[in-house]
Amino acid sequence: MAKITKKRKEVVAKLEKDKVYSLQEASTLIKEISNAKFDASVDLAVRLGVDPRKANQMVRGVVSLPHGTGKDVKVLALVTPDKEAEAKEAGADFVGLDEYLDKIKGGWTDVDVIITMPSVMGKLGPLGRVLGPRGLMPNPKTGTVTMDVAKAVTEVKAGKIDFKVDKTGIVHASIGKASFSADKIEDNANELLTTLMKLKPTASKGIYVKSIYMSSTMSPSIAIDTKIG
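Using the working numbering, the final residue of the sequence shown is 229, and nothing's skipped along the way.
Among the hints, a few may not be true.
[Claimed, not checked] FRET-style restraints, in silico, Cβ to Cβ: (1) E16 / A85: 53 to 61 Å; (2) S119 / A158: 23 to 31 Å; (3) E99 / G125: 12 to 20 Å; (4) D102 / R53: 30 to 38 Å; (5) E16 / G91: 38 to 46 Å; (6) Q24 / G125: 43 to 51 Å; (7) K198 / D102: 34 to 42 Å; (8) R134 / Q24: 29 to 37 Å; (9) G125 / R53: 23 to 31 Å; (10) T154 / K210: 48 to 56 Å; (11) A203 / T154: 31 to 39 Å.
[Unchecked claim] Think about it this way: if two alpha-carbon atoms lie no more than 20 Å apart in a straight line, the pair counts; the simulated SDA-like pairs of lysine to any residue are: (12) K74 / R47; (13) K123 / D82; (14) K31 / A223; (15) K167 / R134; (16) K141 / D187; (17) K198 / K227; (18) K141 / K157.
Just so you know, these hints were derived from the structure itself, not from any lab.
All residues carry an ideal CB built from backbone N, CA and C; glycine is no exception.
Using the sequences plus the hints, can you model the full thing?
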C-alpha cells in the first residue's frame, strides 16, 4: 500500500468526511488544500442525469467565465488573407491558412483553440482524425466557426470555454487557478453551473445534477451541494 505523506495527511484532515460543502465553502477550501509547487488549475466535475448516447440528451455549450481561466490560451486563426490583420489585432497567437493546414497534417497541434471561417471548414474536413480526438475541431455551436473572427478570438482569450458531457455523463471544465481569490473561483463555478442548468434537455427525466466535485491539480475532490441556482 502506498504511504500517505505528511503533507497529504494535513490536506485530507481539512476535509470533513462525507460532508457536502456549499459552493462558497468549497471555493475557500480548495485554496487551502492546493499545495502544488505550481499554480494549480481548479476544475469542476458535474455528473448529469442524462444519457449522452441519445442525441436528445446531449449537453454541450459555451460559457464566458467572468474572471477567465487564468490560462494563457493559445489560439490559431485559420483565415483567408483579408481576415489576417483582424485576427492578429484581436490577439490570435498563430494566423494563416495553408501553411498551418500543412503543419497540422504533419501532426502539429500545439494550440488550445482553433477559430476559422465557414468558407474554410471544407479544408478542415480531412483533418478530423487529427483535430477531433484533441477537441480542436472548430464548431459553429461553440462560436469557433464565424465571420466575426476578432470577436471570437477576443472572447476565447478573455475566458470563453466550451464544454461537452462525456460518455459517462460527466462535464469536466477548468474554472480557474488556485491563485484566484475564493470569490473569483466561486463566481466562475457559479457561471458554469448556471449555464448547465439552462441546458437541461427536455428528454432528461429525474435528477439532472447528480453530483458536483471541485478539485485542483493533485488535490482531493470536494463534494458540493447540488442544490444550486
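Results for each hint:
1. Checked against the given bound of 53 to 61 Å, the beta carbons of E16 and A85, roughly 55 Å apart, stay inside it.
2. Take S119 and A158: their Cβ atoms lie about 26 Å apart, and the range 23 to 31 Å holds.
3. With their beta carbons about 18 Å apart, E99 and G125 fall inside the hinted range of 12 to 20 Å.
4. At about 36 Å, the CB distance of D102 to R53 agrees with the hint of 30 to 38 Å.
5. Separated by about 43 Å at the C-beta atoms, E16 and G91 satisfy the suggested range of 38 to 46 Å.
6. Between Q24 and G125 the Cβ separation comes to about 46 Å, which falls inside the hinted range of 43 to 51 Å.
7. Look at K198 against D102: about 41 Å separates their beta carbons, and that is inside 34 to 42 Å.
8. At about 35 Å, the CB distance of R134 to Q24 agrees with the hint of 29 to 37 Å.
9. A C-beta distance of roughly 25 Å is found between G125 and R53, which places it inside the suggested range of 23 to 31 Å.
10. In this structure, T154 and K210 break the distance hint of 48 to 56 Å, their C-beta atoms being roughly 35 Å apart.
11. Between A203 and T154 the beta carbon distance is about 35 Å. The supplied range of 31 to 39 Å therefore holds.
12. Between K74 and R47, the direct Cα distance comes to roughly 28 Å. Violation of the 20 Å bound is thereby established for this hinted pair.
13. Simply put, K123 and D82 have alpha-carbon atoms about 17 Å apart, close enough for the 20 Å limit, and the pair holds.
14. A threshold of 20 Å between alpha carbons decides the hint, and for K31 with A223 the separation of about 15 Å falls inside it, so the pair holds.
15. Simply put, K167 and R134 have alpha-carbon atoms about 16 Å apart, close enough for the 20 Å limit, and the pair holds.
16. Straight-line distance between C-alpha atoms of K141 and D187 comes to about 24 Å, which puts the hinted pair past the 20 Å bound.
17. For the hint pairing K198 with K227, the CA-to-CA distance comes to about 14 Å; that is within 20 Å, so the pair holds.
18. The suggested pairing of K141 with K157 holds, with an alpha-carbon distance near 18 Å, which does not exceed 20 Å.
Checked against the numbered hints listed earlier, the structure breaks hints 10, 12, 16; every other hint is satisfied.
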